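Enquirer: Spelled out from the first residue to the last, the chains are:
4 protein chains.
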Amino acid sequence: MRLTIGVDIGGTKVAAGVVDPDGLIRDEVTHPTPGGDAEALADVVGRAVAELRERRPEDAIAAVGVGTAGFVDEERSRIVLGANLGLADEPFKDRLRRRVDLPIVVENDANAAAWAEVRFGAGRGSRHVVCVTLGTGVGGGIVMDGELKRGRYGVAAEVGHYRVVPYGRRCGCGNHGCWEQYASGRALVAEAQDLAKNDPARAARLLKPAGGDTARITGPDITRAALEGDDGALECFRTVAGWVGLGLADLAAILDPECFVIGGGVSDAGDILLEPVRESFARHVTGRATRRLADIRIAELGSKAGIVGAADLALC
Amino acid sequence: MRLTIGVDIGGTKVAAGVVDPDGLIRDEVTHPTPGGDAEALADVVGRAVAELRERRPEDAIAAVGVGTAGFVDEERSRIVLGANLGLADEPFKDRLRRRVDLPIVVENDANAAAWAEVRFGAGRGSRHVVCVTLGTGVGGGIVMDGELKRGRYGVAAEVGHYRVVPYGRRCGCGNHGCWEQYASGRALVAEAQDLAKNDPARAARLLKPAGGDTARITGPDITRAALEGDDGALECFRTVAGWVGLGLADLAAILDPECFVIGGGVSDAGDILLEPVRESFARHVTGRATRRLADIRIAELGSKAGIVGAADLALC
Amino acid sequence: MRLTIGVDIGGTKVAAGVVDPDGLIRDEVTHPTPGGDAEALADVVGRAVAELRERRPEDAIAAVGVGTAGFVDEERSRIVLGANLGLADEPFKDRLRRRVDLPIVVENDANAAAWAEVRFGAGRGSRHVVCVTLGTGVGGGIVMDGELKRGRYGVAAEVGHYRVVPYGRRCGCGNHGCWEQYASGRALVAEAQDLAKNDPARAARLLKPAGGDTARITGPDITRAALEGDDGALECFRTVAGWVGLGLADLAAILDPECFVIGGGVSDAGDILLEPVRESFARHVTGRATRRLADIRIAELGSKAGIVGAADLALC
Amino acid sequence: MRLTIGVDIGGTKVAAGVVDPDGLIRDEVTHPTPGGDAEALADVVGRAVAELRERRPEDAIAAVGVGTAGFVDEERSRIVLGANLGLADEPFKDRLRRRVDLPIVVENDANAAAWAEVRFGAGRGSRHVVCVTLGTGVGGGIVMDGELKRGRYGVAAEVGHYRVVPYGRRCGCGNHGCWEQYASGRALVAEAQDLAKNDPARAARLLKPAGGDTARITGPDITRAALEGDDGALECFRTVAGWVGLGLADLAAILDPECFVIGGGVSDAGDILLEPVRESFARHVTGRATRRLADIRIAELGSKAGIVGAADLALC
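Just so you know, the protein sequences line up as chains R, Y, P and A, in that order. The numbering of the first sequence is this note's numbering, which starts it at 121 and goes up by one. The numbering of the second sequence is this note's numbering, which starts it at 121 and goes up by one. The numbering of the third sequence is this note's numbering, which starts it at 121 and goes up by one. The numbering of the fourth sequence is this note's numbering, which starts it at 121 and goes up by one.
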């Protein structure tokens with residue numbers, strides 16, 4: 121049986137797992153992400169891979185796939201820009217190869233997670249899938265005709281940074297009106313904060329876990345309140361869902377997928393998010409009177425998608 | 121040598137040509153497009169094909185590709201919606217097969233034209249190309265990893281109908297703020313009309329061929345005035361080019377192509393369009409400080425792209 | 121008792137009435153509006169005034185006020201631009217004086233109607249009122265500290281042409297995104313047309329009186345359907361009402377009136393319009409958590425407001 | 121000669137001055153603004169007034185005008201909301217009367233400054249003036265027919281919080297897309313920061329005084345760079361000026377003033393700001409082909425406008 125290792129480099133931890141051909145994680149280790157030094161990072165990834173291999177027969181592992189935030193080049197080798205990790209133009213595959221004698225590929229983490237969902241999760245069975253991760257920001261992965269699309273320079277599917285509002289909210293990328301400023305977890309929190317300012321009574325339930333301080337409202341708190349039926353929280357979700365659906369409508373005009381898979385922290389709200397997203401999508405997509413509407417589903421693999429996808433892509 | 125026939129069904133004429141493997145048109149016939157009846161249309165297409173075949177040895181032609189406006193299904197067989205032709209849910213391939221005993225495929229015309237540019241025109245040599253046709257409306261074709269992408273239901277690349285302005289100008293598709301309302305030939309005319317209203321002196325050169333009637337200003341007139349250096353016309357082009365560049369920036373965020381190919385009547389202005397498009401693109405694309413910027417080129421095949429692309433796709 | 125004559129010059133008819141100090145119309149005559157010639161128009165207005173005076177004792181009438189569409193200068197004398205009437209830079213007061221030996225003032229018709237509502241209608245008792253007329257377009261009148269505000273050049277209160285959407289729908293004034301493109305009767309019809317395109321079933325009731333032709337849907341038809349409870353029509357009203365409320369919120373930020381009075385054909389829908397307008401206003405006005413919200417009311421004088429206001433202003 | 125005292129309560133200091141009928145400040149004292157307690161603030165204002173009176177003959181001072189940030193009620197008596205000072209629903213006039221035995225009025229500080237400009241500064245001689253203060257935020261004051269317009273509840277002229285971009289940048293007021301997010305000093309800094317992110321070379325001159333840290337770029341630094349001809353700084357000004365002009369165009373549609381007076385820190389750039397503001401205004405104002413365009417001028421009284429205006433309003 122072919123086994124590969126998938127590594128998910130996050131801002132706070134490095135998680136690595138042995139993954140089988142069915143997408144199941146057979147073994148897993150995690151380490152804290154070391155600060156801003158490619159050598160230290162490669163050491164940690166190398167150690168994690170070594171630990172997992174030690175517990176298996178020699179030759180059990182065929183390859184290693186590494187998923188990381190940031191722009192990764194089209195050779196699946198260099199980290200062109202990994203702002204969260206403090207890396208730029210970093211030949212990470214080469215660096216890691218000095219520690220690991222296996223085939224290695226480096227992938228964008230949103231691409232890895234998307235691939236996992238298409239192969240083993242909510243996108244299973246579809247050959248045209250767009251995955252959208254609604255986390256702090258908005259990430260994406262595009263699968264067309266059964267293949268992950270990386271674009272010419274490896275940076276396709278940066279869907280969070282297409283513009284939905286000319287002259288809209290400022291984005292960390294330097295642009296204005298990027299989708300992720302309206303459809304992300306951060307946007308959800310912004311909605312709650314604005315509600316607290318404009319209608320404190322309606323935001324009472326949201327302000328409670330934050331000790332009355334709007335700056336301390338968190339996404340998970342809003343989700344919890346929404347699941348309990350709180351009106352204010354549900355309103356925040358409806359607003360964000362409206363933008364999610366509008367964005368999916370634009371992506372459908374361009375990519376015409378069979379289904380969208382929505383992951384990330386915001387998707388933990390399940391149907392509370394999904395229902396108004398579908399409604400907004402159906403109201404905004406071009407040609408809606410005649411076209412087949414894409415299906416919209418919640419991701420199934422949760423936070424493990426990165427490991428599974430990176431592992432599976434290691435041999436693609 | 122493999123020869124195929126490409127047919128381009130337009131609103132006013134049906135053009136068919138024999139195309140060789142180098143994308144050269146060896147023979148061509150045209151007929152007027154008959155009004156709103158699929159039978160009559162199939163007759164005309166069938167006749168055109170027959171005429172071209174009669175002039176060649178039997179078996180010289182290997183297949184027929186038909187390019188048509190509107191939504192075409194993923195089987196490349198049915199015209200799901202062809203508003204301009206008055207067709208809906210039309211099994212055009214089957215209908216044509218009763219007249220033509222060759223392999224037939226039906227394609228969206230913008231897809232066909234895009235394919236031609238990638239194979240034989242401005243996109244030659246690139247495996248990641250987005251073609252944008254700036255005609256009365258805005259059409260598109262997407263080639264990724266060397267393959268034309270049709271999406272799950274055949275209607276990908278409807279780039280003219282992704283939204284650039286929430287609550288923006290009304291679009292014939294029933295939505296608001298679609299890109300084609302800002303980046304098309306019709307948008308160019310609208311700019312000229314508004315200029316004429318707000319600053320008649322500045323619009324004098326534009327109003328001249330229209331006999332002073334803003335409703336009669338045409339795109340080609342504006343292009344001609346711009347090529348002659350008229351300030352008002354150049355301003356109209358700069359405005360439209362700004363929107364074109366902004367849209368390409370959004371498409372780059374999603375698709376990361378190596379190059380964009382711009383065709384359609386508006387592209388006849390060449391550098392007058394291209395220069396401000398590039399400037400706008402560079403000012404709007406996400407990650408511009410670190411990413412490789414896609415090349416932006418004018419289409420090379422002009423109005424023949426539809427025939428050539430349809431012919432070449434007939435055997436794909 | 122002081123009596124004055126008010127004249128309302130509309131696109132199709134000239135209506136003139138004798139008005140008493142309580143704003144009651146004691147006598148009225150109407151004539152068709154003559155086409156595009158100031159002399160002919162002055163003849164008709166002069167004749168109407170003469171007819172009304174003939175039926176009264178000599179000296180019964182103290183003055184004449186004329187309300188007309190278009191820009192009127194700050195001297196209340198010239199029609200700077202009256203596009204509907206085909207007039208420009210027209211010294212109408214002087215022209216009329218050659219026919220009528222009474223004090224004359226010329227006013228913008230929306231100003232006249234607004235003044236009538238403040239003196240005798242829905243704005244009675246308030247010294248800070250903004251009147252908004254939702255007709256084919258959107259007109260306005262501003263009363264602050266009990267005085268009608270005309271601005272420096274007589275063209276204040278052109279509220280229909282402040283911009284609510286950058287790069288929004290084209291406006292007849294040559295700009296884009298003007299409020300009247302979103303909040304007028306024409307906007308209401310546009311909503312119905314778009315609904316018919318996107319969701320014909322939901323628009324069935326709206327299409328009926330138009331014989332199935334979206335181009336023939338009218339505002340009164342939509343109002344009627346809404347009053348009967350039709351879902352599609354109610355949705356059109358909610359959308360337009362959202363924009364009306366948003367615009368009133370902007371006007372409140374600038375003018376802080378005690379109340380808004382909404383007139384024009386769209387206001388015939390009464391509470392169907394008013395309720396979502398109030399909701400939208402309350403959701404959009406700045407400082408809503410602490411400020412006193414302006415009252416929002418439907419106009420009371422209907423189509424007679426123009427005559428009454430012009431008559432009352434004749435002596436101001 | 122009638123003398124009055126004007127007091128300008130700012131976030132960091134309380135400035136008070138004796139002002140003569142020509143708007144000249146004859147004497148002045150300043151104290152630090154005490155933190156968040158109305159009693160302490162009234163003590164400081166009372167002391168400042170007492171100090172100024174001690175140096176004059178008894179009865180020399182006729183009245184006291186106090187200008188303060190925040191919403192002031194229509195009675196010119198209560199501070200409804202003074203967020204910067206930590207005050208809400210504060211009866212400041214009554215509180216101050218226990219310390220000062222003179223007629224007292226409380227005014228919004230932007231209104232006071234506007235009034236000063238109309239009486240003694242750049243708006244002198246005009247009876248229809250809109251003053252706009254481009255500071256950290258955007259404030260305003262409206263004079264129509266020679267009178268300061270406060271609205272029904274005292275909060276008119278909050279022009280910084282009318283909306284220019286639907287779903288635009290978040291504003292401290294709880295709304296989105298407020299004008300002050302695009303036209304203020306803070307907006308100018310945001311432009312510089314975005315430029316630094318997107319085009320560091322072009323922003324080099326701007327980053328220098330900030331030690332390379334975008335977060336430390338200040339408005340005065342940008343102004344200085346612009347005055348020295350730096351391209352990046354000039355681009356920031358052009359962008360902000362574009363929004364200023366667009367906003368003035370909307371205000372002209374509503375208020376039709378004879379002139380706009382622009383003050384606040386951003387106006388220190390003089391013609392560098394003014395020229396593109398005028399251009400943008402002329403390109404955006406409705407009816408521009410026929411109307412008289414309002415004049416646009418830089419404020420003349422600088423930071424003293426608050427004292428002078430409050431003093432002059434004390435007897436109005």
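Misleading hints may appear alongside valid ones.
One copy or two, it doesn't matter: identical chains are merged, so the pair holds either way.
Each computed SDA-like pair below joins lysine to any residue, with the alpha-carbon atoms no more than 25 angstroms apart [said to hold, decoys possible]:
1. 133 x 206
2. 133 x 244
3. 317 x 287
4. 328 x 318
5. 317 x 256
6. 317 x 296
7. 317 x 306
8. 328 x 422
9. 317 x 223
10. 317 x 362
11. 328 x 141
12. 317 x 246
13. 317 x 291
14. 328 x 290
15. 317 x 292
16. 328 x 378
17. 133 x 223
18. 317 x 206
19. 133 x 156
Calculated directly from the structure, the hints in this document are not laboratory data. This structure is a prediction, so every number in the text was calculated from the model and none was measured.
Enquirer: If you check each hint against the structure, which ones fail?
Expert: Violated hints: 2, 8, 9, 11, 12 and 16; rest satisfied.
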